[in-house]
Amino acid sequence: MAGCDIVEADGHHPRLALAAARAARAAGRPVLYDGGSWKDGTDRLLALTDVAVCSADFHPPGTDSPTQVLEYLRAQGVTWSAVSRGGRSIVWAGPEGGGTVDVPSVRVADTLGAGDVLHGALAHHLAVHGPLTTRAFVAALREAAALASQACATFGTRAWMLGR
177 MAGCDIVEAD GHHPRLALAA ARAARAAGRP VLYDGGSWKD GTDRLLALTD
227 VAVCSADFHP PGTDSPTQVL EYLRAQGVTW SAVSRGGRSI VWAGPEGGGT
277 VDVPSVRVAD TLGAGDVLHG ALAHHLAVHG PLTTRAFVAA LREAAALASQ
327 ACATFGTRAW MLGR
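Counted the way the numbering used here counts, the sequence shown spans residues 177 to 340.
Simulated from the structure, these hints should not be mistaken for lab results.
Some hints could be false.
[Claimed, not checked] What follows is a list of derived Cβ distance ranges for each label pair:
hint: 1; residue 1: 285; residue 2: 309; range: 32 to 42 Å
hint: 2; residue 1: 315; residue 2: 261; range: 11 to 21 Å
hint: 3; residue 1: 255; residue 2: 283; range: 34 to 44 Å
hint: 4; residue 1: 253; residue 2: 213; range: 32 to 42 Å
Just so you know, even glycine gets a beta-carbon here, dropped at the ideal spot from N, CA and C.
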């Protein structure tokens, strides 16, 4: 973990994700959880998570709305959380409250990989810009949403990067 600023896990490989999250915690590195859908063992990973950004398809037991998902994540010990909803605003929560971040409107060509772009951009922003505050979290979500929207305006998962 010495050369690592942040660890991102999605729970598709639970044993690996848990091992990486434990190592990150031991090294004092933040853990970002990418919640695409609820999976067995997610609760164990959430207990080691600092930041969780989940899709609208992510529904922990007993939840059916973004607000309930954010409340569930907080109850699991996740300090910063958000729910992405495609082209609609991102709903977020943190220690001082919550709100929404607008997602830039684009003419959509392809949404494949948009969530990966969102999480990758968020991880980069969090790693580069240091300790989280409400202002920093909202700025990171805004930047990540802008890049994910830009990616949706082109066909394929990497074409959007050619003009950067």
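Cross-check of the supplied hints:
no.: 1; hint: 285 - 309: 32 to 42 Å; verdict: 35 Å, holds
no.: 2; hint: 315 - 261: 11 to 21 Å; verdict: 19 Å, holds
no.: 3; hint: 255 - 283: 34 to 44 Å; verdict: 36 Å, holds
no.: 4; hint: 253 - 213: 32 to 42 Å; verdict: 21 Å, violated
Comparing the model with each earlier hint shows a violation of hint 4 alone; every other hint is respected.
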